[in-house]
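Asks: For reference, the chains in residue letters:
There are 2 protein chains.
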Amino acid sequence: MRAGVFDSGVGGLTVVKSLIEKKIFKEIIYFGDTARVPYGVKDKNTIIRYSLEAVEFFKNFNIDILIAACNSVSAYAIEEMREVAPFKVVGVIEPGVKALQRKIDDKNAKILILGTKATISSKKYEKLLIKEGFNNLISIAPSLFVPIVEEGIFKGEILEVTMRHYFKNIENPKAVILGCTHFPLIKDEIQKYFKSAALIHSGEAIVEYIKSNYGYDKNFSKTDLKLFASENPENLKRVARLWLKG
Amino acid sequence: MRAGVFDSGVGGLTVVKSLIEKKIFKEIIYFGDTARVPYGVKDKNTIIRYSLEAVEFFKNFNIDILIAACNSVSAYAIEEMREVAPFKVVGVIEPGVKALQRKIDDKNAKILILGTKATISSKKYEKLLIKEGFNNLISIAPSLFVPIVEEGIFKGEILEVTMRHYFKNIENPKAVILGCTHFPLIKDEIQKYFKSAALIHSGEAIVEYIKSNYGYDKNFSKTDLKLFASENPENLKRVARLWLKG
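Protein sequences appear in the order of chains F and V. Counted from 1, the first sequence has number 129 at position 136 by this note's numbering; the numbering is strictly sequential. Counted from 1, the second sequence has number 214 at position 221 by this note's numbering; the numbering is strictly sequential.
Worth flagging that the hints you see were computed from the coordinates, not collected in a lab. Since no wrong hints were added, every one of them can be taken at face value.
Pairs of lysine-lysine residues, derived as DSBU-like cross-links and limited to a Cα-Cα distance of at most 35 Å, are as follows:
id: 1; chain 1: V; residue 1: Lys148; chain 2: F; residue 2: Lys180
id: 2; chain 1: F; residue 1: Lys180; chain 2: V; residue 2: Lys161
id: 3; chain 1: V; residue 1: Lys110; chain 2: F; residue 2: Lys37
id: 4; chain 1: F; residue 1: Lys96; chain 2: F; residue 2: Lys120
id: 5; chain 1: F; residue 1: Lys37; chain 2: V; residue 2: Lys148
id: 6; chain 1: V; residue 1: Lys148; chain 2: F; residue 2: Lys148
Among chain F residues calculated to face chain V with C-beta under 7 Å, some are:
id: 7; residue: Ala28
id: 8; residue: Asp36
id: 9; residue: Thr39
id: 10; residue: Ser136
id: 11; residue: Leu137
id: 12; residue: Pro140
id: 13; residue: Glu144
id: 14; residue: Glu150
id: 15; residue: Ile151
id: 16; residue: Val154
id: 17; residue: Thr155
id: 18; residue: His158
id: 19; residue: Glu224
id: 20; residue: Asn225
Just so you know, even glycine gets a beta-carbon here, dropped at the ideal spot from N, CA and C.
Next comes chain F alone, as it looks inside the complex (with noise of 0.2 Å):
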């Protein structure tokens, strides 16, 4: 199978890298929207319009499957993407919201969503965990977490300051839903932080998801990934080399 992942950026490596490690496509085309770069503060309608945009590209493609790595686009695009694409798209939240089911039985345990504003206000998780029986949910947008990882910064002072500053009111979490593709290089931080909450990540999520959904490749020796971005290819592939290694 040929799966294509969109991301806003380079944040969706993070889900690239679970979807190597687990061989479940022979090939991934990467898009990653560099030159417009955070969507996650952008509004609905913008982001629906870059995400259409993204389809387009897959198109060339001959794709099998269109992975939306980005909270954001999963949050507000996936339906009109499904509209015009001639392939599947998932997006990344119905992901979580099972992967998270299969770690919390639960219905009263707290759980905490972490998203940008984008995502946070969309609501997307909330909604899902509510009709799953959910009830005793927080989210919270803290939005230095993506800068701060984008400026190679993955432990120390700034992030644990950071990390008070947005925590500084939450006690024990059961589980954390690590909704944003920059937060699992976080998440040993996180983790330290919440000793005994179980952290959701999206790419682990949606291995689990499309090989439970959609079936996967058996019997091949490594994924080829080919990677392009609206700007700065380059940084792309070096950050990839970086991410991925190992």
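Since the structure of chain F is already known, use the hints to place chain V on it.
Replies: Quick look at chain V alone, frame taken from chain F:
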């Protein structure tokens, strides 16, 4: 006179604030390209393309002069904008250098240039300062300052830790160029960090530059300001009410 002020987002309102306080223009038309902010992490060709689109926007308003409040635009796109604009176009970098010259006589004085990645990579401030004889220059791109300011944080622990991160190897500059429209909003904190430094602010610099080079309106009571944004104009108006008061 009717002036246009162009910025990548809301930050250019710090320049508008100076223009209004000093009563330079009867009318100001502001356009913030909030759908595509930030420019400071984008590459040269993208910044030029967006800036030329802004010139097209201002052609509808019969303005006398267009001020590029954004340092990244000033660093890369002024010549290209002048080629197609039927009005005068002025950036903030040359005015900033002139303002520095008025404050600092000693050519050996240590000058710290702060800007976005785009502005710093362009070396535009450095080239102009070297041409004027200054020889002790340090340039850095404290990228987290922009999102911190956009998060509404103007002082406190996060900002202090972040300043220490970027400034730790810099001792006692005689002047600091605030080479990004966001930085004037944290100028008090930067001044606390570098107690004896003269701070160079684009808004104040452009006022003097325009008065010397282009003339200005006299004998009017209040600047008429119109605000346009490529996305979420309500937020631009909200920030304008906050920043321009008093």
